[in-house]
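K.L.:
Could you build the full structure based on these sequences and the hints that come with them?
Protein chains: 2
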Amino acid sequence: MSINKILNNIDEVLLMGPGPSSIHPSVYEAMSQSTLGHMDPYFIKIMDETKAYLQSILQTENHLTLPISGTGSAGMETCFVNLIEPDDPVLILINGVFGKRMEDLAGRLGASVDVLEFEWGTPVDVDRAQEQLKQREYKILAVVHAETSTGVRNPVPEIAELVRDKDTLYLVDTVTSLGGIEIATDTWGVDALYSGSQKCLSCPPGVAPATFSDKAGESIANRKNKVPNWYLDMNMLTSYWEGQSRVYHHTAPINMLYALNQALYLIMEEGLENVFHRHLENHKLLVTGLERMGIRMLVEPECRLPMLNSIHLPEGVDDAEGRRRLRQEFKIEIGAGLGPLAGKIWRIGLMGHTARPENVERILAALEEILP
Amino acid sequence: MSINKILNNIDEVLLMGPGPSSIHPSVYEAMSQSTLGHMDPYFIKIMDETKAYLQSILQTENHLTLPISGTGSAGMETCFVNLIEPDDPVLILINGVFGKRMEDLAGRLGASVDVLEFEWGTPVDVDRAQEQLKQREYKILAVVHAETSTGVRNPVPEIAELVRDKDTLYLVDTVTSLGGIEIATDTWGVDALYSGSQKCLSCPPGVAPATFSDKAGESIANRKNKVPNWYLDMNMLTSYWEGQSRVYHHTAPINMLYALNQALYLIMEEGLENVFHRHLENHKLLVTGLERMGIRMLVEPECRLPMLNSIHLPEGVDDAEGRRRLRQEFKIEIGAGLGPLAGKIWRIGLMGHTARPENVERILAALEEILP
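Line by line, the protein sequences give chains A and B.
Residues 1060 to 1431 in our numbering are what the first sequence lists, from first letter to last.
Residues 1060 to 1431 in our numbering are what the second sequence lists, from first letter to last.
Hints listed in this document are in silico derivations from the structure and should not be mistaken for laboratory results.
Don't take every hint at face value.
No copy labels: a pair is met if it fits in one copy or bridges any two.
Stated by the list, open to error - Subject to a maximum C-alpha distance of 25 Å in a straight line, what follows is the list of computed BS3-like cross-link-like pairs (lysine-lysine):
1) 1283 <-> 1159
2) 1274 <-> 1285
3) 1104 <-> 1390
4) 1064 <-> 1104
5) 1198 <-> 1285
6) 1225 <-> 1198
7) 1403 <-> 1198
8) 1285 <-> 1104
9) 1285 <-> 1390
10) 1274 <-> 1198
11) 1064 <-> 1343
12) 1064 <-> 1283
13) 1343 <-> 1390
14) 1343 <-> 1159
15) 1403 <-> 1343
16) 1225 <-> 1193
17) 1159 <-> 1198
18) 1403 <-> 1390
19) 1104 <-> 1274
20) 1285 <-> 1064
Since this is a predicted model, take the numbers as computed values, not measurements.
P.N.:
Spelled out as structure tokens, the structure:
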């Protein structure tokens, strides 16, 4: 018995959207190694190695560093649900879909949420954040590092300085930034962050790296109430991911963790600096090619993300039809605009294994074909 | 670049524990097909086909039928967090770890929880449940179908009759039962259930099938408050899994869903009745062999699960050392006892692809070797 018809006819698509990104063949191979039990001693070795890789790539010594058993949004859920108790004051800096999502989630958990909103396509303004932080004592300050909906890099290290000497916990969404640009968790003073596997790590979606500082860990340990989420309770997850004798919590997504291990290994082998450099160089190549065609970038150069390039929809091109042609005729996926940018922009991803010159050439050639 | 050293040295272990179970080669092959985007039209076809398979195997016409993006416990979290609002009265029938887990979770969500507890290794008593249901109006009645911690099959259809004409929602954990014994969701009148991929479906862990009746769906639609969990909010998940134009929620675990699709396809090809029969026949073969060796079963024959066989620890065998030898010398994983049964029982799984005569012979031969 081999794979069924529908699965046998999956196209090999070049994934140049906002994630998932294209996968290195060895990651597929890793994922299809024999499933082990979730308490198997050898699997625990793989967990430990994966954790050490994550610590390196996140530049952290946090012992509370682990992949959450869900996609990036489960990482977000984990950070907020463990840190928030009802009525906790939370400040969220918003300039895109993923900041709005934080607001929605924190509200659901009963936090007292304040937000500062900034125009989509521009970065969060550090001065306005500083002003707001003088008005109220916040338990959590949250921001998105790489706003996937626009392609803006927010000034995460500069914002960190605003709360360095405060009790406030600094929570950062690094879903799209991890593995593409630097994240100096400890140096910057980030207290909690989450990411996804399917962006610059180039692993299929399904696991969400996360880390918590000791300060965040103490906040979790000193909660007045149990975490209102059994699946994502860090106290129990820690007992499974740490120590001499592991305590069964839930069945980890074994094969997804094999894939993550291999994806992280590839980054370690290439070297973090080289990986960042490759993202930047391919971004430059793409921008040069786009500008030569007269296509305009949404975001100003100083805060552009290398791995997520938003372009104004070229004149005379229909949004849906253009993307449909790229997918059907050229086997390339790019992303549509979201929210107020729907129908106005396209998002071209250069994440992880996708960030290679031959892919840049391929998308440029395809765009050339579909321009009127 | 090929897979790294630690992944290259994974043993092929016969998984005869409480899950994960051994995987059919075509499921590994399915999982490593090219990743598509989560909004790709072809991927949406795969989602639709997967949903139709789940409806068949769950014997339901519920349109709210989908795999949740997490392991079985995320399925549990989904059912409870969508249905419970603070102070809702919930009755949980408990006879093992997974019933206790429901109690913990419902309490975290602010429900007013009553429990009836029964001796581990025996089934839930229908009469006592009936008595309790006369004492109070419950919003939810919850029970585990196949108690993985003991090997007991609870009388799910009989319990269903107790709430058939009531407003009470009937919520069932089918993590270990799905794909191994019958689940007649609609006929029985189950309003919400969750399962896992890594038991009798023989897919790696990482996705959790779930279904909700129209009655449960209305309860979710009429909530006073938003679901206090962004990741698992059925309202948003439904917009991604249903209708003509799908709304992006989170990035689905694409390759895990390929694997699930193939695993369900294998069951459909074999035929549901044949699959149940195979589980039962292999269970009988195992029990006969065990009894011949003088090994005693924990559970009485009339409520034994075919896919999870708890045995009293054979006399003269050390729990940890015995399991270590099975894993190291025979490359077989079995499960330890949990809670009050720790050190007293072993759990032998015959789930999905594991439930074959050659595997029964292999574990019997290995046990023979390690008996004193």
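K.L.:
All hints are to be evaluated individually against the structure, with a verdict given for each.
P.N.:
Against the structure, the hints come out as follows:
With identical chains, the CA atoms of residue 1283 and residue 1159 are at most 25 Å apart between copies only, with a shortest distance of 22 Å across copies and 27 Å within one. For a Cα distance limit of 25 Å, the shortest separation of residue 1274 from residue 1285 inside one copy, 18 Å, qualifies, whereas the shortest one across copies, 30 Å, does not. Only between protomers do residue 1104 and residue 1390 lie at most 25 Å apart by alpha-carbon distance; the minimum there is 17 Å, versus 39 Å within a single protomer. Taking the shortest Cα distances, residue 1064 and residue 1104 sit within 25 Å of each other only across copies (12 Å), while inside one copy they are farther apart (37 Å).
Taking identical chains as interchangeable, the C-alpha atoms of residue 1198 and residue 1285 lie at most 25 Å apart whether they share a chain (18 Å) or sit on different chains (23 Å). Within a single copy, residue 1225 and residue 1198 get their C-alpha atoms as close as 9 Å, which meets the 25 Å cut-off; across copies the closest is 44 Å, which misses it. Proximity of residue 1403 to residue 1198 under the C-alpha cut-off of 25 Å is found in neither arrangement, the shortest distances being 37 Å within a copy and 47 Å between copies. When the C-alpha separation of residue 1285 and residue 1104 is checked against a cutoff of 25 Å, the pair qualifies neither within a copy, at 30 Å, nor between copies, at 40 Å.
With identical chains, the CA atoms of residue 1285 and residue 1390 are never at most 25 Å apart, being 48 Å at best within one copy and 39 Å at best between copies. Within a single copy, residue 1274 and residue 1198 get their C-alpha atoms as close as 12 Å, which meets the 25 Å cut-off; across copies the closest is 40 Å, which misses it. Proximity of residue 1064 to residue 1343 under the C-alpha cut-off of 25 Å is found in neither arrangement, the shortest distances being 41 Å within a copy and 35 Å between copies. For a Cα distance limit of 25 Å, the shortest separation of residue 1064 from residue 1283 qualifies neither inside one copy, at 53 Å, nor across copies, at 44 Å.
Proximity of residue 1343 to residue 1390 under the C-alpha cut-off of 25 Å is restricted to the intra-copy arrangement: shortest distance 23 Å within a copy versus 52 Å between copies. When the C-alpha separation of residue 1343 and residue 1159 is checked against a cutoff of 25 Å, the pair qualifies neither within a copy, at 29 Å, nor between copies, at 56 Å. For the homomeric pair residue 1403 and residue 1343, the shortest alpha-carbon distance inside one copy (22 Å) is at most 25 Å, but the shortest distance between copies (64 Å) is not. In the homo-oligomer, the alpha carbons of residue 1225 and residue 1193 lie at most 25 Å apart inside one protomer (11 Å), although the nearest pairing across protomers, at 54 Å, exceeds that limit.
Taking the closest pair of Cα atoms, residue 1159 and residue 1198 come within 25 Å of each other only inside a single copy of the chain (19 Å); across copies the shortest separation is 33 Å, beyond that limit. For the homomeric pair residue 1403 and residue 1390, the shortest alpha-carbon distance inside one copy (22 Å) is at most 25 Å, but the shortest distance between copies (57 Å) is not. For the identical chains of this complex, residue 1104 and residue 1274 are neighbours neither inside a copy (27 Å) nor across copies (46 Å), given an alpha-carbon limit of 25 Å. Neither within a single protomer nor between protomers do residue 1285 and residue 1064 lie at most 25 Å apart by alpha-carbon distance, with minima of 47 Å and 40 Å respectively.
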